[in-house]
Amino acid sequence: MIRFTRVTKEFPRTGLALKEVSFHLARGEFTFLTGPSGAGKSTILKLIYLEEQPTAGEVKIAGASSVTIRNKDVPRVRRKMGVVFQDFRLLEDRTVEENIAFALEVTGVGHTTIQLKVARLLQLVGLSSKGPSLPRELSGGEQQRVAIARALANDPVLIVADEPTGNLDERATRGIFQLLKDINASGTTVLMATHDLELVRSTQYRTIELNHGQIVFDSRADVTPPDAGASV
Amino acid sequence: MRLAWREALLAFKRAPMLSALSITTIAFSLFAFGLFGLVALNIRKALVEVEERVEVRAFIVDGTTSESTSAAIADVRAFPEVASVTLVTPEQALDRARRELGEFNDVFDPSILPASLDVRLKGGMRDPATVHAVAERMKTYDFIDDVRYGEEWVEKLHRIRNVATIAGILLGLTFATVAIVIIGSTIRMAILARAREISIMRLVGATDSFIRSPFLIEGALKGLLGGLLALAFAWIANYVIGHFVFRADFFDIRLSVLGVLGGALIGVLGSALSVGRHLREV
Chain A
1 MIRFTRVTKE FPRTGLALKE VSFHLARGEF TFLTGPSGAG KSTILKLIYL
51 EEQPTAGEVK IAGASSVTIR NKDVPRVRRK MGVVFQDFRL LEDRTVEENI
101 AFALEVTGVG HTTIQLKVAR LLQLVGLSSK GPSLPRELSG GEQQRVAIAR
151 ALANDPVLIV ADEPTGNLDE RATRGIFQLL KDINASGTTV LMATHDLELV
201 RSTQYRTIEL NHGQIVFDSR ADVTPPDAGA SV
Chain B
1 MRLAWREALL AFKRAPMLSA LSITTIAFSL FAFGLFGLVA LNIRKALVEV
51 EERVEVRAFI VDGTTSESTS AAIADVRAFP EVASVTLVTP EQALDRARRE
101 LGEFNDVFDP SILPASLDVR LKGGMRDPAT VHAVAERMKT YDFIDDVRYG
151 EEWVEKLHRI RNVATIAGIL LGLTFATVAI VIIGSTIRMA ILARAREISI
201 MRLVGATDSF IRSPFLIEGA LKGLLGGLLA LAFAWIANYV IGHFVFRADF
251 FDIRLSVLGV LGGALIGVLG SALSVGRHLR EV
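Chains A and B, in that order, are what the protein sequence lines are. With the working numbering, letter number 18 in the first sequence gets 18, and the count goes up by one each step, no holes. With the working numbering, letter number 195 in the second sequence gets 195, and the count goes up by one each step, no holes.
No lab work stands behind these hints: they were computed from the structure. Because the structure is a prediction, the values reported are computed rather than measured. Just so you know, even glycine gets a beta-carbon here, dropped at the ideal spot from N, CA and C. It is possible that part of the hints are untrue.
[Said to hold, decoys possible] Derived CB-CB ranges, DEER-like:
id	chain 1	residue 1	chain 2	residue 2	range
1	B	V163	A	P12	50 to 56 Å
2	B	R277	A	L197	25 to 31 Å
3	A	V67	B	S199	21 to 27 Å
4	B	R280	A	V157	39 to 45 Å
[As the list claims (entries may be wrong)] With a cut-off of at most 30 Å between alpha-carbon atoms, the simulated DSSO-like pairs for lysine-lysine come out as follows:
id	chain 1	residue 1	chain 2	residue 2
5	B	K45	A	K130
6	A	K80	A	K181
7	A	K117	A	K19
8	B	K139	B	K13
9	B	K139	B	K122
10	A	K117	B	K13
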């Protein structure tokens, strides 16, 4: 599903963010990405959702390669994944329903399908009654559920979550984590960056730890083939 | 496309103050350009009116037969530069002199003034060189005594016209550039205010053309409304000037429509440039 092959990322102002990082994420896997602030977690996620291009090396996502991908193909690849952020990134002037529908509208889905799908997604994240609410009328946990529902709108094969529980209390954190686990159980690959070591230790999921732009620990290093030529 | 229109219209509803500010800024930029346009239009009209008075007057020797005169009139009419040729008899010349110059009110003998052929030239052929060439050709007729066309005046008028044209183009370009820069900045401000929305659209897989469409429609609508508002301001200014200072011409329908459509075009171009730049930067 995701393969990093000797990926280096250097930013003009802040310098080296990743140095020759290689790992492979299989389809249907749930993986934690941990490490201190500035370790390179967000850079890895940005490379996955194609907001950044590697300075060297290759990133492969769901069949697309960072080396050969053309700009016009980026939206098509992004539709295969859902991205969730710590700050939710909801449109404040749109209702919960509209926020979710937005993700479907941009891909050209019909009105009737959108209505049905939004209702189903709201049910899935446990917010059926909150459709007409504005994001500011919801709690942090509920807003993150909306963001997850939006991320799921296009039936992604991959969910990328950047500190999704970073702004939430313990109870909301458990709820969101459970939701991500349920999503993963249905076959979707999940990559979750987090600081929350307690959450990481409470499960048996694979953990990749970064420090100073390099992988310093991978709980399943034995299943990470280093060769770049294998299928993704 | 329906979605793009909906998003564009919703943008007005979601940020009414910013939209109103954009439209007003566009309106005032176009208004300044429109005022300049009105001044240019009226100066041009005044110059055309003055230019229409350019004529070559060829005085006919006494005793010339009417056959010779008629043949010459037909001949001169065939000149490509010539719009009309009029034979002015001594009586008509005296009438005209009495109308234009008070000193002739006490003169009753028309024979003191010679008959003449008054030649008017076609528009665009009233420059000193052409007028001079026509005058020289008129002189070749042996029954023509003298040819006058106010050489100095024609040259001065030509210089004024050239200066007015160059100044008009330079000022027009300056005003248009300033209007485009102001309108572009206004639209860019509106786009920056929605940077978050654009980044979310990209994340959920929207193509750049999908993101661009509502902004282009919004830019066109703002330009159109700004253009209409500018036209209304210009009309009011023209009315006030006409009422209190002097009567000035206003844009005809064709120019008015062109002006408003120009506003819409600037709106679209401003949006296209601003969104394009924003999409490249993020």
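(request) Would you pick out the hints that fail for this structure and give their numbers low to high? (result) Violated hints (numbers, rising): 2, 4, 5, 7, 8; every other hint is consistent with the structure.
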